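The whole structure should be built from the sequences, with the hints applied where relevant.
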Amino acid sequence: MTINPDQPISFSRLHRLQWEEAQQKHVILYPEGMVELNQSSAAILQMCDGTRKLAEIVSDLENQFAATGLHNDISAFLEVALSNGWIQQH
Amino acid sequence: MAGYNNTNITPPRWLLAELTYACPLQCPYCSNPLDYAKYKTELSTDDWKRVFSQARQLGAVQLGLSGGEPLTRQDLPELVKHARDLGYYTNLITSGYGMDEAKIMQLKDAGLDHIQVSIQASSQELNDHIAGTASFEHKKQVAHLVKKHGYPMVLCVVIHRENIHQMPEILAMAEELGADYLELANTQYYGWAHTNRDLLLPTKEQFAEAEAIAQAFKEKVAGKMKIYYVVPDFYEDRPKACMNGWGTTFLTIAPDGVALPCHSARELPGLDCPNVNDDSIADIWYESKAFNFFRGYEWMQEPCRSCDEKEKDFGGCRCQAYLLTGDMHNTDPVCSKSPKHEVITQAINSAKATALAADEKPLLFRNSKNSKAFY
Ligand code: SF4
Ligand code: SF4
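Residue numbers (the working numbering), protein chains in the order written: chain A, 1 to 90; chain B, 1 to 375.
Honestly, the hints are just simulated from the structure, not real lab data.
This structure is a prediction, so every number in the text was calculated from the model and none was measured.
Fair warning: there could be bad hints in the mix.
Covered stretches of chain B (in silico footprint by chain A; criterion: 3 or more residues with CB under 8 Å from a CB of chain A, positions within the stretch not fixed) [to be verified]:
id, stretch
1, 59-73
2, 86-92
3, 107-118
4, 148-154
In silico BS3-like pairs for lysine-lysine, Cα to Cα no more than 30 Å straight-line [said to hold, decoys possible]:
id, chain 1, residue 1, chain 2, residue 2
5, B, 337, A, 25
6, B, 81, B, 218
7, B, 224, A, 25
8, B, 204, B, 337
9, B, 81, B, 103
10, B, 218, B, 352
11, B, 148, A, 53
12, B, 204, B, 220
13, B, 312, A, 25
14, B, 224, B, 289
15, B, 49, B, 147
16, A, 25, B, 369
17, B, 352, A, 53
18, B, 337, B, 226
19, B, 352, B, 240
20, B, 240, A, 25
21, A, 53, B, 147
22, B, 224, A, 53
23, B, 148, B, 240
24, B, 140, B, 369
25, B, 289, B, 240
26, A, 25, B, 204
27, B, 226, B, 147
28, B, 226, A, 25
29, B, 81, B, 148
30, B, 226, B, 204
31, B, 218, B, 289
Residues from chain A that face chain B, not an exhaustive set, calculated with beta carbons under 8 Å [as the list claims (entries may be wrong)]:
id, residue
32, 1
33, 27
34, 29
35, 52
The beta-carbon is built from N, C-alpha and C at its ideal position, and this holds for glycine as well.
As structure tokens, then:
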């Protein structure tokens, strides 16, 4: 599955993204399952709020982390996220 | 066990709250204990709230609300709200019996995250026979309502010899109902299923055929529906990594407050399982005899003790070892390295002989009358 650059990306209605104090990390919760996220994955997913498109997510994250050239890593991760159903477009 | 270091203990992540043993259905594979009818007391609303709070503080994040039929608890919305406020992901595991649209909305308002509805078969006749109660049409309606109100819909079908031939129809039904997740749970032979095993265990050929159909379907619906396939371990060479390791992840609380490292552990002798009426969840998880009993590898006997796979499967299921070999310390007999592995072959042969016999004995349904025969 590929990300459509012209459509905003939102986090899945059927999953929940949440900070876990006990684990000191963000997790994705869904029926009978949990995925633990590292810091960068969590940062990317938090950008998926239904208003930003791919290019905006990349530029906002590049600003946030004072970095450049993140496009490939971010879009690769978002594709995984899409195929796992964590994010959606439409 | 002795010498096991407390600092190695990981906190619980999953809390399974068996709110009640009351259930209007009578599934002959029910995982509740055979003598469930003897446990008549149920924790109060405040007790459950305290349990949820204490377990959450330790790190539990997934909460299963099950039973019995959890909808028989009138305080369910209140419990859901408390759990959701604490940050749990709340899963309601129900037969759908007793559910209506008003209740679904009330639970949604309380913050319930997901509803798992179990259906016994793809036809009314068989569903109602297995459930021991007319419930098929209502269950399908509930599944529609779950979708309509925006919950992820998990459909659960327990698979055994009476319904395994319906695999294609079961999959079609899941599609028609718009399930987001489909749990195809091959029966695990504890509790009532153990008693009814000769009548429930399919043959290897039946398994293989059903699995191939499910596998093809899984590819077809990839991206739309997720399939959880619970493997039938009797036909595997290695046991399952039961509970992800004893006392590492899962905490079950029975209706009367007894804390169990796995939902069948009540059947094991000599564990002295603690009760939340007497101890805090932290004491239960870190200090109790029951939760430390099979932690780590010290308790193991051969061949597990010196096996290089022990970190993968922890020697399998303690309840299965106990039920099938008489000693809960033994290697799970499902393992082909187990010196008692022949009990599995015998079970398979015995089930096959029963299937071929002209006069099948009837299933023993899970109800209070039948339960009383076990205590
Ligand atoms: S398995 Fe069937 S009988 Fe047992 S609690 Fe669930 S619905 Fe009730
Ligand atoms: S011998 Fe024990 S540890 Fe080794 S594979 Fe079998 S069950 Fe697992």
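### Message
Under 8 Å between beta-carbons, do enough residues of the stretch 86-92 of chain B, three at least, approach chain A for the coverage claim to hold?
### Response
holds (count 3)
### Query
Does residue 352 of chain B pair with residue 53 of chain A here, judged by a C-alpha cut-off of 30 Å?
Between residue 352 of chain B and residue 53 of chain A the Cα gap is close to 58 Å, so the pair fails against 30 Å, i.e. violated.
### Query
For the stretch 148-154 of chain B, do at least 3 residues have a Cβ located nearer than 8 Å to some Cβ of chain A?
holds (count 3)
#### Entry: Hinted pair residue 352 of chain B and residue 240 of chain B, Cα distance within 30 Å
holds (23 Å)
### Task
Please work out if residue 312 of chain B and residue 25 of chain A have their alpha carbons no farther apart than 30 Å.
holds (26 Å)
### Query
Does the alpha-carbon distance linking residue 337 of chain B and residue 25 of chain A stay inside the 30 Å limit?
Cα-Cα ~40 Å, so violated.
### Query
Do the alpha carbons of residue 25 of chain A and residue 204 of chain B lie within 30 Å of each other, as the hint requires?
The hint is violated at about 44 Å.
### Task
Take a quick look at whether residue 148 of chain B and residue 240 of chain B sit within 30 Å of each other, Cα to Cα.
violated (36 Å)
### Query
Does the alpha-carbon distance linking residue 337 of chain B and residue 226 of chain B stay inside the 30 Å limit?
Violated: residue 337 of chain B and residue 226 of chain B sit about 33 Å apart, past 30 Å.
#### Entry: Coverage of the stretch 59-73 of chain B by chain A, judged on three or more residues with CB within 8 Å
holds (count 4)
### Message
Between the alpha carbons of residue 226 of chain B and residue 25 of chain A, is the straight-line distance 30 Å or under?
### Response
With Cα atoms ~25 Å apart, residue 226 of chain B and residue 25 of chain A stay inside 30 Å; holds.
### Query
If you draw a straight line from the CA of residue 25 of chain A to the CA of residue 369 of chain B, is it 30 Å or shorter?
violated (49 Å)
Hint check: violations occur at hints 5, 6, 14, 16, 17, 18, 23, 26, 31, 35; the rest are consistent with the structure.
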